[in-house]
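Visitor: These are the residues of each chain, in order.
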Amino acid sequence: ATLADSFLADLDELSDNEADIIVKDDADAGNMEEDVDGDLADLETFNYDDLDSVSKLQKSQRLEGALEKGSAMSNHGIVLEDDPEYQLIVDCNALSVDIENEIVIIHNFIQDEHCPKFPELESLLHHPIDYARVVNKIGNEMDVTIVDLKGLLPSAIIMGVSVIASTTSGKPLPEEILAKTKMVLDFVEGRMGFIAPNLSVIFHSAVAAKLMETAGGLTSLAKMPACNVQLLGAKRKNLARFSTATSHFRVGYVEQTEIFQSTPPSLRMHACRLLAAKSTLAAREPPPAKQPKPLPVPDSEPKKKRGGRRLRKMKERYAITDMRKLANRMQFGIPEESSLGDGLVEGYGMLGQAGSGKLRVSMRQSKHAAKVAKKFKEKLYGSCGATSGLTSSLACTPVQGIELSNPQAPAHQLGGGAQSTYFSETGTFSRIRRI
Amino acid sequence: MSYVLPTLTKKQEVDSFIRSTIDKVLVLRFGRSSDSACLLLDDVLAKTAREVSKFATVALVDTDSEEIQVYVRYFDIALIPSTIFFFNAHHMKMDSGTADHTKWVGPFQQKQDFIDVVEAIFRGAMKGKMIVNCPLPQERIPKYQLLYKDV
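In order, the protein sequence lines correspond to chains A and B.
Going by the working numbering, the first residue of the first sequence is number 1, and it counts up by one from there.
Going by the working numbering, the first residue of the second sequence is number 1001, and it counts up by one from there.
Derived by calculation from the structure, the hints in this document are not laboratory data.
Worth double-checking, as some hints may not be accurate.
Distance condition first, Cα-Cα at most 30 Å in a straight line; then the derived DSSO-like pairs of lysine-lysine [stated by the list, open to error]: (1) B:Lys1127 to A:Lys303; (2) A:Lys303 to B:Lys1024; (3) A:Lys293 to B:Lys1054; (4) A:Lys303 to B:Lys1047; (5) B:Lys1129 to B:Lys1093; (6) B:Lys1127 to A:Lys315; (7) A:Lys290 to B:Lys1047; (8) B:Lys1111 to A:Lys290; (9) A:Lys313 to B:Lys1054.
Throw the hints in and build the complete structure from the sequences for me.
Guide: Following this line, the structure appears as structure tokens:
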């Protein structure tokens, strides 16, 4: 009894908090979030301790978030996923999933509490919301038969309930949750028309909303195979003590649609499959109309030059040098040398080959003489200053000893013979004829 | 998709607009929403506002409001509609071959004309100029006569 009392006291606290908060359409979602959080926290610290440890921090943070989103909503036709409203809906969906979990937990709690009082009720009514409603209605009545359950349950079940009567004590907690769940569902339903008009035509917006929620969003619903859509929301347990002939196997939320209800029982499975299939197609909403792109800022992107003198000059600075070209080529039959050893490092190629007439390939005097000179001053003119005394301008080849560069030797004979004049880089026109 | 440009009726609003558009051309149309030439101009402005939105902001100023009369006198607005360009709170002038370089008088014949004018102003402003040349040919520039009073 003390536990129940403290529970009730906490409820009063919660409802006081709510009264302070502005009630907007979207703020309801926030309210609900905070309630759920509060309850979740409660139930976790549960083990039958005092429930005053409702975490106010959680409540306020999530509430801020939801209110912000709510106030920033707009109906502009931006891409669906970017729409803050859609985000809010997605959050609501996640929220409702949480609420479902919440409901299960609370249901279990109620069952535990209820066990000594009305054990059979729980086995009669599997659906937690129904169960909670009944518990609520029964309240503190001594005799269950007095209570009018007609509005809540099908008459068969009422009979069952009245047959098995005993005293109970009321638990008004679920009422809050019920109300909040309804609010979220109503809100999502209302927006269904904008978000998924095709889907709302096939099913009523309530069912469409539930489907979307369980699927986890419109795109997830569209991606899901139709067989899964059929099973969304299917009840696992059958009502005990009632004939299983009336229960529908493997039918989920689809069962609640008008189309389904109005088909004769023999065709129901077929109808269910069709509905599920078409709903996946209907869920593929077309993207919102693209608006023309605004013009780019003038002169913001640098012009791309395709050719011309200036570009050529610029490119020449990064072109492949003669030294590189020589190093990339090899002579046939002669293994190339490298600084570290065979195959360890990039070899010298034709650089400094014995008998080529050139020892070190010096930088060809390119057109950027000034720039080049600046960079390679030391190499071109020798070092007029601080170099160590160990460097020399003579080269030592292992085979022929000291080799001196022959200034008369023709520059750059790569192929030799007839090829040289064709590919020669220093060559001139072979024959000029006057026309 | 809003085709409605902001209409300013108070001096404080105009001031805040001028001060708050940074690195974008601010186009202020001074006129009345009932005048036919104003409507022509407003039509062009509304349709191109989104296209130039990356480098220009467009707003309409109602010359019938009392607070705005200060600006009407300051900019010497006699003919309606008059369009005045600002960049980073500097008043940008444009030489279009007419007598008054401080504003553009009259409607634009095509949307592209307006875009060209705004682009010319933007380029000039980014280079640091306070006055730019109008890129439009003389046929498409509305002509008007200025009568000098007491001069």
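Visitor: Compare the structure with each hint and give your call.
Guide: So, going through the hints one by one against the coordinates:
1. Between Lys1127 (chain B) and Lys303 (chain A), the direct Cα distance comes to roughly 17 Å. Compliance with the 30 Å bound is thereby established for this hinted pair.
2. Among the hinted pairs, Lys303 (chain A) with Lys1024 (chain B) is consistent with the structure: their alpha-carbon atoms are about 21 Å apart, no more than 30 Å.
3. For the given pair, Lys293 (chain A) sits about 10 Å from Lys1054 (chain B) by alpha-carbon distance, which is consistent with the 30 Å threshold.
4. Our distance criterion of 30 Å between C-alpha atoms is met by Lys303 (chain A) and Lys1047 (chain B), whose separation comes to about 29 Å.
5. Of the pairs offered as hints, the one joining Lys1129 (chain B) and Lys1093 (chain B) holds, with about 9 Å between alpha carbons and a cut-off of 30 Å not exceeded.
6. This hinted pair checks out: Lys1127 (chain B) and Lys315 (chain A) have alpha carbons roughly 29 Å apart, not beyond 30 Å.
7. Between the alpha carbons of Lys290 (chain A) and Lys1047 (chain B) the distance comes to roughly 16 Å, so the proposed pair stays at or under 30 Å and holds.
8. Taking the CA atoms of Lys1111 (chain B) and Lys290 (chain A), the gap is about 21 Å. The hint holds against a cut of 30 Å.
9. Only pairs whose Cα atoms come within 30 Å are accepted, and Lys313 (chain A) paired with Lys1054 (chain B) is rejected, the gap being roughly 35 Å.
Consistency note: the structure conflicts with earlier hint 9 alone.
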